[in-house]
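Colleague: Going down the list, the sequences are from chains A and B.
1 is the number of the first residue of the first sequence in our numbering; add one for each residue after it.
1 is the number of the first residue of the second sequence in our numbering; add one for each residue after it.
Any given hint might turn out to be false.
[As the list claims (entries may be wrong)] Pair ranges (Cβ atoms, derived): (1) A:A177 / B:R334: 29 to 35 Å; (2) A:G38 / B:P330: 56 to 62 Å; (3) A:N15 / B:R334: 56 to 62 Å.
Hint data in this document are derived by calculation from the structure and do not stem from the laboratory.
Just so it is clear, CB atoms sit at the ideal spot from N, CA and C, and this is done for glycine as well.
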Amino acid sequence: MGLLSDPNRRRALTNLLTRLNAPICVMCYLAGVAWFMGLAFEPFTLRTYMSENAMGSTMVEERFPAGERALATGREFAAHKKKVGGMPVDWLVKTMQSRGLEVFTQSFTRKLPFPDENKERYMVRGTNVYGILRAPRAPRTEALVLSAPCSEGNNNNQAVGLLLGLAQYFRSQIHWAKDIIFLVNEHDLIGMQAWLEGYHHTNTTGGDWSPLQGRGGSIQAALSLELSSDVITSLDLVLEGLNGQLPNLDLANLFYAFCQKIGVLCTIQGKLQRNDWDTTSGYSHAAQTMMLMVLKQASGRPWGDHGLFLRYHIEAATIRGINSFRQYKTDTTTIGRLLEGMYRKLNNLLERLHQSYFFYLMPSLSRFVSIGYYMPAFGLLAVILLLRALDLWVQLGASPPGTEEGLAGGEQPSSPGVLSILTPVVISHMTGVALYTLPILSQEMAVQHFPVSETEAVVLTAIAIYTAGLALPHNTHRLLQGEGTEQGWRVLKLVALLYLAVLLGCTALINFSLGFILALSLVPIAAFITPHTPKALSAAIMVLLSPGCTLLYCVFLFQELQETPVSLQDGWMLFLSVISQGILDHALYGSLVYPLLALLIYPCWLLLWNILFWK
Amino acid sequence: MPNLYDSYVQVNILVLYATHCFPTKCIFSVSHYRLFPTSLGQVISKFSVRELHISFTQGYRRTMQWGQTFLPSPPGAELWVWFQDTVTDVDVTWKELTNVLSGIFCASLNFIDSTNTVQPSASFKPLGVGNVTDQRFLRYAVLPREVVCTENLTPWKKAGYTSDLCQDWQCKSTAWELRQTLNVVFDLHSSGQSKREWSLFKMFSRTLTEACPLASSSKVDVTDNPQGELFELSPATPMLSQAVVLGNRRTYSQRVETCCALYFTESAMCQATGCRRGRSTPWCTTTTRTGPSPSSCWTPCPGTCVSTSHTLTVTSKGRDNKPSYIHYQPSKDRLRPHLLEMLVQLPPNSVIEVTVQFERALLKWTEYTPDPNHGFYVGSSVISALVPSVVAMDTNSTQERPLFSSFFPCKEESSYFMQVYTEPLLVNLPTPDFSMPYNVICLTCTVVAVGYGFLYNFLTSTFQVEEPSPGLAKRLANIICRLRGVPLL
Numbered sequence: 001m002g003l004l005s006d007p008n009r010r011r012a013l014t015n016l017l018t019r020l021n022a023p024i025c026v027m028c029y030l031a032g033v034a035w036f037m038g039l040a041f042e043p044f045t046l047r048t049y050m051s052e053n054a055m056g057s058t059m060v061e062e063r064f065p066a067g068e069r070a071l072a073t074g075r076e077f078a079a080h081k082k083k084v085g086g087m088p089v090d091w092l093v094k095t096m097q098s099r100g101l102e103v104f105t106q107s108f109t110r111k112l113p114f115p116d117e118n119k120e121r122y123m124v125r126g127t128n129v130y131g132i133l134r135a136p137r138a139p140r141t142e143a144l145v146l147s148a149p150c151s152e153g154n155n156n157n158q159a160v161g162l163l164l165g166l167a168q169y170f171r172s173q174i175h176w177a178k179d180i181i182f183l184v185n186e187h188d189l190i191g192m193q194a195w196l197e198g199y200h201h202t203n204t205t206g207g208d209w210s211p212l213q214g215r216g217g218s219i220q221a222a223l224s225l226e227l228s229s230d231v232i233t234s235l236d237l238v239l240e241g242l243n244g245q246l247p248n249l250d251l252a253n254l255f256y257a258f259c260q261k262i263g264v265l266c267t268i269q270g271k272l273q274r275n276d277w278d279t280t281s282g283y284s285h286a287a288q289t290m291m292l293m294v295l296k297q298a299s300g301r302p303w304g305d306h307g308l309f310l311r312y313h314i315e316a317a318t319i320r321g322i323n324s325f326r327q328y329k330t331d332t333t334t335i336g337r338l339l340e341g342m343y344r345k346l347n348n349l350l351e352r353l354h355q356s357y358f359f360y361l362m363p364s365l366s367r368f369v370s371i372g373y374y375m376p377a378f379g380l381l382a383v384i385l386l387l388r389a390l391d392l393w394v395q396l397g398a399s400p401p402g403t404e405e406g407l408a409g410g411e412q413p414s415s416p417g418v419l420s421i422l423t424p425v426v427i428s429h430m431t432g433v434a435l436y437t438l439p440i441l442s443q444e445m446a447v448q449h450f451p452v453s454e455t456e457a458v459v460l461t462a463i464a465i466y467t468a469g470l471a472l473p474h475n476t477h478r479l480l481q482g483e484g485t486e487q488g489w490r491v492l493k494l495v496a497l498l499y500l501a502v503l504l505g506c507t508a509l510i511n512f513s514l515g516f517i518l519a520l521s522l523v524p525i526a527a528f529i530t531p532h533t534p535k536a537l538s539a540a541i542m543v544l545l546s547p548g549c550t551l552l553y554c555v556f557l558f559q560e561l562q563e564t565p566v567s568l569q570d571g572w573m574l575f576l577s578v579i580s581q582g583i584l585d586h587a588l589y590g591s592l593v594y595p596l597l598a599l600l601i602y603p604c605w606l607l608l609w610n611i612l613f614w615k
Numbered sequence: 001m002p003n004l005y006d007s008y009v010q011v012n013i014l015v016l017y018a019t020h021c022f023p024t025k026c027i028f029s030v031s032h033y034r035l036f037p038t039s040l041g042q043v044i045s046k047f048s049v050r051e052l053h054i055s056f057t058q059g060y061r062r063t064m065q066w067g068q069t070f071l072p073s074p075p076g077a078e079l080w081v082w083f084q085d086t087v088t089d090v091d092v093t094w095k096e097l098t099n100v101l102s103g104i105f106c107a108s109l110n111f112i113d114s115t116n117t118v119q120p121s122a123s124f125k126p127l128g129v130g131n132v133t134d135q136r137f138l139r140y141a142v143l144p145r146e147v148v149c150t151e152n153l154t155p156w157k158k159a160g161y162t163s164d165l166c167q168d169w170q171c172k173s174t175a176w177e178l179r180q181t182l183n184v185v186f187d188l189h190s191s192g193q194s195k196r197e198w199s200l201f202k203m204f205s206r207t208l209t210e211a212c213p214l215a216s217s218s219k220v221d222v223t224d225n226p227q228g229e230l231f232e233l234s235p236a237t238p239m240l241s242q243a244v245v246l247g248n249r250r251t252y253s254q255r256v257e258t259c260c261a262l263y264f265t266e267s268a269m270c271q272a273t274g275c276r277r278g279r280s281t282p283w284c285t286t287t288t289r290t291g292p293s294p295s296s297c298w299t300p301c302p303g304t305c306v307s308t309s310h311t312l313t314v315t316s317k318g319r320d321n322k323p324s325y326i327h328y329q330p331s332k333d334r335l336r337p338h339l340l341e342m343l344v345q346l347p348p349n350s351v352i353e354v355t356v357q358f359e360r361a362l363l364k365w366t367e368y369t370p371d372p373n374h375g376f377y378v379g380s381s382v383i384s385a386l387v388p389s390v391v392a393m394d395t396n397s398t399q400e401r402p403l404f405s406s407f408f409p410c411k412e413e414s415s416y417f418m419q420v421y422t423e424p425l426l427v428n429l430p431t432p433d434f435s436m437p438y439n440v441i442c443l444t445c446t447v448v449a450v451g452y453g454f455l456y457n458f459l460t461s462t463f464q465v466e467e468p469s470p471g472l473a474k475r476l477a478n479i480i481c482r483l484r485g486v487p488l489l
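With these hints in hand, go ahead and build the complete structure from the sequences.
Modeller: Here it is, written out as structure tokens:
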């Protein structure tokens, strides 16, 4: 208190901060990056542990015997799928009924805003089939879900077979306290979206589905199963859901605990755990695993069919069987036993999973970084914005007596200020709105005039608007004022800095990865951009660090980390498809990354661009 | 409990008291303790109860598969009582009665208080002989979380198996009725008996040797399964009886020995779901074959949810189905629950959907249960319907109440009264994180709030050096100095 109330000391402090502003900012940036990279270092991370008492101390036995029979059912399912040329609804209904479940179907139709070229679909029509195993003596208040997607081609037949096998086995057991819903969804996430909206009786994205005839109470947890081979080498756990939401860490712990107990190789991000953390390669392995998680989370899209459950506060994960060239194989019976064990433990839950963390990063399946550890990395980047803002504030307050104009200088920032600041802000946001709305609205026009498909039209329109935004607004204040003043750009930059700080702060709270990646690229340009820096060089740096280019780097980095590096040409094509997927995710499932980038982050970057070309 | 393989257990006790007696004798005095359980008799006479319905249910009746139950009840404990019109303060009597019953049945009925008691106006009618329907003397409460255990069964068993008792010694008119039912559904599938074969021994671990010595009649009834597989009854019985159960004619093979029954019918299904946006949607599928049937739907809402009555919508077949009568009693915070009753026409073969939105209330710190993340229960809604009967009216049925026919509303009328309960809802209310970080956040916020005031004050106020004002003596001295024309002090 004394430090700030005493004018002399306050002046000393502000002098120190202004004088050392640039070095402190550079230090903070480096420290933030170093902190983030240090998160993957094993001594700095925590070992995972089961927080939920109801799942920890209880013993369950896994006795699922019928793996072979499940595979046979899977083959039968495949044959029927081929015969019908899609989801064999009648066969599934009959099979589930014969296993003693209450079976219901749900049909849905969905018209995509533009054709999805990755999955080759436009008008989607399908049926979900689900069977409910009613828990004896339970009043239908709670449920668990096990789902398997009915995929195109020869994928996932084994998953459906195992699902039916487990249904039959669970039916003969008496210890279920929660209803178990066995769901086979068609058209992966679109079907899942329809089913979940039908179950919860909401309609957020304007899909068309028939109401559900049978329900089982509030869903406590869900697992989605993906299995495409008779034997597997490892099981991969997928956690990242819509908008970067993650399930409670106890669900991951549960999976890991059973993999250890039964002796199944388990991976996260497709990467096995290594014990040599003290070597360089061991560290880089952990860092790669964590970076993959960060990139996937930042993308905001559901990485498995479980991803949409998280929106309804249902803890969910996808378990994916991987068959590689490794010698050690696991058969279906063992996977069945693993799932049985997991469901038995979830069945024991007295409350929803809430004890463990909801915000975490995982450098390996047995290690995690909690929110308390990774937030400082972001905080160090965000504080740069605040320091620069403070510096500008001090400059704005100090410059009038320093300059020769005296009284006139003191008045200037207030009178032209509002309009000259407001105009670029409004114009940047209008550009953002155009970027958000025009690609889908103008696709028909674009298809008529250019020889491109609809998907390409949408993506190329988006890129065109994005690029056009660079040319458009950077001299807007001159329309009103003739010449921009020195004060003017400072106020504008102050506004932009605080705006960016608030934006990134909020984003990082919801989706740390997205916030951190954006901060990594936007903070340096936000901190050091002025009209007086060399124009060409600064412009080049700004374009290279713009959100669009960041996305491009992320695509390349992701491919590199997944050990499937791509050439420049393929990378560009991938970049285009990522943009179209982002727009589709927003339209279909309500993912927020595209609107965030188009409506908020991009206009904010345009404000900085405006400052660079301030005259 | 019978054994592990049952999916549904329901225990009912129903005490009915006739009123068409002479006014002088209407003061309750039970002298039939030879037949009537003392504990219940005393309670009934002390609290002037006309009708008492109490049921404990575990599990949900799957009406689609098992058919309608004859005495429907919601999951958990249900208690509804008609008091005699001599009772002056019904609420106090109700409070005392629930506490006494709680002791008798070893159940948490003492948790029934004004926050979960309602007075339905249309959904319940007295089932006894007395047909006075003054709703002021009716109280109804459900505890959806209550589980059934053996302790509830012991008093039930002790209560005896009485049916009708006479008021006067000549036994001319019925005055008393005590119905006790135990409704158990066995799941042959999960008991691992792949052969579809069952016996009383397998289910109850004992055989039937003799009839109840006090009973005038005891029967085992087995339905003739009309649509399903054929089965054989062993030992075979020549006695066949027909009865009308819930508007369907059923044939029963009878074996005279004791009282227990197994039935299968099909009827309506009702469901309810809650969602994160806070919308309660009880909906019901009618599979009625004939014309429309009036029904009243009753939705309770606990005090923890603030329901908004203007959001009420009733739709069937995609169209608005306007209720012809709505009785809505808004809740008082932490005093009284919501009560919504309406009269709706159920079209045949349709799904009717009733939607009410509610806001999730913020509870007080001490109001959270020990397991707040489990969720809070919203009791079952009740749908009472007058369903047209398939069987034509038979005028021969009389007032007599043998055990079998009184179990069910089986008078062969053109329509029968039926009640369906929806499943209870589990609603997640906003729950603070009752853990260490939560406490840390609370503490930090407090500290920040305290510190912020000072900081804000320091930052916004300007500091000026102020000359200390001279004391009174000095001021006086200065005045004197000025008068004298000498320099001031």
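Colleague: Decide, hint by hint, whether the structure agrees.
Modeller: Comparing the hints with the structure gives:
1. A:A177 / B:R334: 29 to 35 Å: 31 Å, holds
2. A:G38 / B:P330: 56 to 62 Å: This hint holds: roughly 58 Å between Cβ atoms.
3. A:N15 / B:R334: 56 to 62 Å: With a Cβ separation near 58 Å, N15 (chain A) and R334 (chain B) satisfy 56 to 62 Å, so the hint holds.
Of the numbered hints given earlier, the model fails none.
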